[in-house]
Structure formats: C-alpha cells, structure tokens
Amino acid sequence: MRRSLTDKRTSPQATKELAGSWKFYPAGSFVACGLGVVMNALSPELRKKIADYLPRYPSKQAVTLPALHLVHDAMRCVSFEAIREIADMLDLSPAEVHDTMTFYEFFHEEDKPLGKTRLWVCRSLACGLRGGDELLETFRKKLHVEPGGTTQDGKITLEFAECLGACEGAPAVMINDVQRHCVTTETVDALIAELVK
Amino acid sequence: MPDFEPVLLKRINANASSALDAYRADGGYRAVVKALTEMTPAQVVDTVKNSGLRGRGGAGFPCGLKWTFLPKDHPGPIYLCINADESEPCTFNNRILMEKDPHQVLEGIILSSYAIRAKTCYFYIRYEYGDAYRNLQTAIDELYAANLLGKNILGKGVDLDVFLHRGAGAYICGEETGLIESLEGKRGWPRIKPPFPAIEGAFRKPTIVNNVETMACIPHIVNRGIDWFKSIGIPPDPKNPRDTGSYGPKLYCISGHVNKPCCVELPLGVTVRELIEKHGGGVWKNRKAKGCIPGGISMGIMTEAEFDTPLDFNGPGRVGCLGLGTAAVTVFDETTSIVDVLYNICRFFAHESCGQCTPCREGTGWMMKIMDRMRKGQGRREDLDILDEVAKSIGIMPGTTICGLADGAGWPVKNAIAKFRPELESYIRKGERTTLPLALAH
Ligand SMILES: Cc1cc2nc3c(=O)[nH]c(=O)nc-3n(C[C@H](O)[C@H](O)[C@H](O)COP(=O)(O)O)c2cc1C
Ligand code: SF4
Ligand code: FES
Chain E
1 MRRSLTDKRT SPQATKELAG SWKFYPAGSF VACGLGVVMN ALSPELRKKI
51 ADYLPRYPSK QAVTLPALHL VHDAMRCVSF EAIREIADML DLSPAEVHDT
101 MTFYEFFHEE DKPLGKTRLW VCRSLACGLR GGDELLETFR KKLHVEPGGT
151 TQDGKITLEF AECLGACEGA PAVMINDVQR HCVTTETVDA LIAELVK
Chain A
1 MPDFEPVLLK RINANASSAL DAYRADGGYR AVVKALTEMT PAQVVDTVKN
51 SGLRGRGGAG FPCGLKWTFL PKDHPGPIYL CINADESEPC TFNNRILMEK
101 DPHQVLEGII LSSYAIRAKT CYFYIRYEYG DAYRNLQTAI DELYAANLLG
151 KNILGKGVDL DVFLHRGAGA YICGEETGLI ESLEGKRGWP RIKPPFPAIE
201 GAFRKPTIVN NVETMACIPH IVNRGIDWFK SIGIPPDPKN PRDTGSYGPK
251 LYCISGHVNK PCCVELPLGV TVRELIEKHG GGVWKNRKAK GCIPGGISMG
301 IMTEAEFDTP LDFNGPGRVG CLGLGTAAVT VFDETTSIVD VLYNICRFFA
351 HESCGQCTPC REGTGWMMKI MDRMRKGQGR REDLDILDEV AKSIGIMPGT
401 TICGLADGAG WPVKNAIAKF RPELESYIRK GERTTLPLAL AH
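Protein sequences appear in the order of chains E and A. Here the first sequence is numbered in this note's numbering, starting from 1 and rising by one per residue. Here the second sequence is numbered in this note's numbering, starting from 1 and rising by one per residue.
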C-alpha cells in the first residue's frame, strides 16, 4: 500500500522523474485521445477484453482493476500511455487510474517492467517461523537481485509477499499466481532451473 | 468425545470432484431447490438468523441479523459481496473451500442472494488465489449452463449473476468497506461508518458483505435445519451478556512450529492444546511451545499456559486476546524469540496500513521501527512503554481510526508486553541481537 511516509513517489527526486515521464508525451495528446485519434498502447484484443467487463458493473470505474490486470498480464507493466487509454475507455482522468493503480504495489510501471516469471516469497509469520526470510535471502543471493528487481536476463522478477494463504506449506512461494508449498533452501536450485528454462 | 464428522470439508477429505455433476450426485443444490420451491426469502433469512450462524470473516457478527439491516422493500439493486480477500496472516481455510469444493460456496451464495433479494453478486477474491479463481470460474460457467445462475433460475423467476473480481495484493481490501471501494475501482480506503454497507454499500446501494466460509455453512443450515446447527458448538456464556453463542462447525488453521500444519474442521470451542496435540501433530522437534497466535496475528498472542482456552467467539477474550478472528493458530516454540515474532507482526501492519488515518499510519510505522531497532540490539529501556502507549492509542476502540486494522496492529504488541515483559526487558538489557536476515526489504 502506498503510504505517504515511505512513498518513494513523493520524494522530490521521484516527483521530478514522474513529471519528466509525463512530459514525454506531446502536449495536447489528451485532447487527441478524446477526439478518437488512434491510440496504440492497447491492442484491439485487449480493448475488447476490457470492454467485455463493462456490462458487469453499474459504473465504468469499477472496470479499473480488471483492466489493469489485463494490461499488466499482457504487457508485464502498465505504461503511462496504457493508463491514459484505460482512462479514456472508462471515462476517467488518467490521474484517477494512476491513483488506484499505485495504491496497489502490485502493478509495475513502465520504468520497471516484470520479467517473464514473477516469483513471490512469503515473509509473514507462519513462513517466517519456518525459514521464509532465509528463503528470500537465498533467492536474493542466487538471482543477484533485490526484492522488486528482475534478473539481468529478464527471466525472473523476485518479490517478497505478505502471507500468501499457503501457510500449511510454509515456507511458501508463488510463481505468477500459482502457489508452491514447502520450498526449502535445498530445493531452491531446482526451482530456479525450472523457471529460467 | 467421538470424532467429529466434518461437514464443510466432507467432500474435500473424500477427495471428491469439484465438478457440478459430482457435487449434485452428493446431494448438492438440494438446498437451492428446496429454498426456491418451498421457502420465501424472509423464511431463509429467519432460518439463518435463528441458526445463530456468526460470520466467519473475523468479526463474528450474526449473519442473519446483518441481513435484516437491509432497508425493507428496497426497489433494488441490492448487492451481495463475497469477501474472499483472506489476507489475515496464517489463514488459508477460505482457499481450501474455494479450490476444492467451489460449488458448496456457490450454493451458499445462491441461497443468500435469494434471501436478501440480490440479483448481482461480486465475488472479491485475492489475486494470490489463482487456482481458486480458475476453479470458481469453471464452476460458475457450469452453473450458467445448468440454469442455476442467470435469468429465471430453475424456472422460479429468480435472477442472479455472480462475477469474480480479482484483488491486487492488499490486506486492507478485506475490510468490508475497503473491499467495496476497491471493487468500485478506487484505492482500497475503508469508509467511515455509519452508514454501514447494508444501508449504503457498493455503488451507493444496500450491500451485504459475507465471508466465504459463512457462505459454505448456509446450504447445510437450509438442508438440515436450525436444531442440527445448534447441536454443534457451544451456547452463549451466561457471564457475557453480549455473547450470542458459538454454533456450528469451524475450520481451524494450524501452522508454524507444529509437526503437521493443516486445516481441520471441528465444532466451535476446541482448545488450542487439543488443536496442537491432536490435529497438528504436536510441537515440532520435541520442543515445548512458547505461545501462539490464536486467530490470525490481529487477535494478539497467547502464552503456552493459556492453551486450554476454548477457541469460540468468546474464549480468546478471556485471556486478553481480541477475539476468535479467523481461528488460525500459529505456534512458536520455546526457542523462538518473542522479539522476532513481534517484529514480523509489526512489519506486516506497517506494510499493510492503508495510510488514511494518521495514528495508524504513523503508529504502525513507528512500532516497526522500534522493533527493528530492538532486534538489532539497540533497544532502549523506555521502548516497551512507548510501544504499549502507541498500541493502546490506535484503533477503533480508542476511537482514533477508521477501521479495525489498527486495533489488530496494536493487540499483539499490547499482549506481548503484558505477557512477555521479562523476556523483552532481558533482551534489551543484555543487548541481544538477532542474526536472522529478517531485516530484509521493508
Ligand atoms: C483490517 C481488516 C481486514 C479484514 N480482512 C478480512 C478478510 O480478509 N476476509 C474476511 O472475510 N473478512 C475480513 N475482515 C472482516 C470484514 O470487514 C467483514 O467483517 C467480513 O467480511 C464480514 O463477513 P462475515 O460476517 O461473513 O464474517 C477484515 C476486517 C478488517 C478490519
Ligand atoms: S485504521 Fe489504518 S488501515 Fe484502517 S483506514 Fe485507518 S489508516 Fe487505513
Ligand atoms: S505466512 Fe506465508 S503463506 Fe501464510
């Protein structure tokens, strides 16, 4: 969750970076979007999938999370252009979509796209008591990345997770959205080999 | 006591298929047929209300009573939201129900929607439950094909759509109004109550939020009746006028330092000791337990001496814990430092506070920082008092925050200081330090 104290986006440096990346788009492209000028971050298939969610809810804004998931899964991040196009489809301002999106640390922005596989290592209590933190440390060393980062070959993004709801199989990890139970420091090598294949 | 015959886990223990045909062959959807042919919605509400079923999501609010808070004769729409966010650390019972027997949950949803006259149900499921999500979607597709969902269900003039809605890894979206905000496409910031969701919830319409396990109980109540349900569990504590009893079966999760971490179904009111010894295979490595978390980390901490406390809605409160919570017991053995346990807990809440209320945002952050410092051998004598003061001043109970996350963040800290003060003091005095790499990435 984004918290004001620890929110890296609110540091002056981050604000500048963020401001910088908005500038990347030519002034007036908002208007252009509204006028139906071709926008091309989202493929027609993605647009169709997002539009299919609209009848489910009484408000278009409710499609924000489904749309973010669809884009994130397909593109491994949600780019600013994608945010803008989602906003356009849902009659929102890009800031509203960005606001929702950044509340969930889940979504990666374009400066830090996900690798091919997302590997989450649980660090909450049940796993912690059975070696969860050591496991995360082992992955960190073997993959040479900090939690949140992606290996150089772009294959694995390592992240820590709070309780995955797999505590009977602690320490647990999750590969994309599939849980893997009882991963020990001994079985780490086999797991990594499987993921980089 | 004879071994309890599981109800909610019956098909799961038998490795029965989650397909619709198999569920129906085992008597599934009989309750829906019964309710839609023989009962009015009001009768279903009364049945659930009189069964004494209390919500399994953590707060233990009487389920049928909550349904009666909906405005009478409302023109609609009324929404049912299913809370499958299950992010309370150490809790995984909802996952098992959804993954292994999705139709049992969905049957409860059809019955509840009928009772409260909801034509749309949003099933908010945490992203981390990918397999559960896919199994539920398959089950929902089967139901549409079998005319158990959609328009004019079974020709009885009842309509219902169920939509799965995936979360994005935020604990706070399990709080019912945080869930609603998240569903609406906003940040998951809990709302100030009142109005409660039953009056004004999702999309500003009357909404009922219920937990997955609560839903799984409903078909059995409709099938077997109130008396059957009340024959399981324990009646109200005469000494506690606010206790409405703890009836029915309950899924208990056991994890941490036990030989056999698992999820078992037992009548409400089993003791922690029995859970650990009989169902969790005892404490691992032939050690003794130091204590446990009785119902997810928000409920506080129990010492080994308190393990004979029954885990019903009323029991944990008698030893200073917040409540039954999610009935997820996590045991830590005698070699575990209470400092490490507490640090792990504080780190969780500091990470998951939504940041909306200053006492919670700052309090959880500072409690984590103090615990981090203490772990590194830099604890100060006054730290315990500061922690205690912070823990006591954040939450709905002292009245400083919008939601219960802050109460849950404070409770384990308060409990630890009250129950493990000598150990904490000695840790600080000796300048002990923990060498585990727990300090990663916060
Ligand atoms: C911080 C916080 C987190 C919560 N998380 C969950 C959760 O993950 N699942 C859940 O069912 N209830 C959760 N609850 C309780 C819900 O607010 C609500 O009481 C519950 O979903 C009601 O369902 P029930 O009456 O069927 O138990 C949480 C409450 C708080 C304060
Ligand atoms: S108590 Fe904490 S989690 Fe709840 S609304 Fe306030 S800041 Fe958010
Ligand atoms: S604590 Fe790791 S899965 Fe629950």
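The reader is advised that the hints may include incorrect statements.
Okay, derived cross-link-like pairs now, DSS-like style, lysine-lysine, Cα gap no bigger than 30 Å in a straight line [unchecked claim]:
| id | chain 1 | residue 1 | chain 2 | residue 2 |
| --- | --- | --- | --- | --- |
| 1 | E | 48 | A | 151 |
| 2 | E | 48 | A | 186 |
| 3 | E | 116 | A | 100 |
| 4 | E | 112 | A | 100 |
Partial list, computed: chain E residues near chain A (C-beta under 8 Å) [what the hints assert, rightly or not]:
| id | residue |
| --- | --- |
| 5 | 80 |
| 6 | 111 |
| 7 | 124 |
| 8 | 128 |
| 9 | 184 |
| 10 | 188 |
Calculated directly from the structure, the hints in this document are not laboratory data. All residues carry an ideal CB built from backbone N, CA and C; glycine is no exception.
Results of checking the hints against the structure:
1. Using a Cα cut-off of 30 Å, the hinted pair residue 48/E and residue 151/A holds, with the two alpha carbons roughly 25 Å apart.
2. The suggested pairing of residue 48/E with residue 186/A holds, with an alpha-carbon distance near 22 Å, which does not exceed 30 Å.
3. Note on residue 116/E and residue 100/A: the hinted pairing holds, with a Cα-Cα distance of about 29 Å set against a maximum of 30 Å.
4. For the hint pairing residue 112/E with residue 100/A, the CA-to-CA distance comes to about 36 Å; that exceeds 30 Å, so the pair is violated.
5. Because the beta carbon of residue 80/E sits about 18 Å from the nearest beta carbon in chain A, more than 8 Å, this interface hint is broken.
6. Here the hint on residue 111/E is broken, as its CB sits about 19 Å from the closest CB of chain A, past 8 Å.
7. With a least beta-carbon distance of about 4 Å to chain A, the hint placing residue 124/E at the interface is held under the 8 Å criterion.
8. Using the Cβ-Cβ criterion of 8 Å, the hint placing residue 128/E at the interface with chain A is satisfied: the shortest such distance is roughly 5 Å.
9. With 8 Å as the threshold, the beta carbon of residue 184/E stays out of range of chain A, its nearest partner Cβ sitting at about 14 Å, so the hint is violated.
10. Taken as an interface hint, residue 188/E does not check out: its beta carbon lies about 14 Å from the nearest beta carbon of chain A, beyond 8 Å.
Consistency with the previously given hints fails for numbers 4, 5, 6, 9, 10, ordered from lowest to highest.
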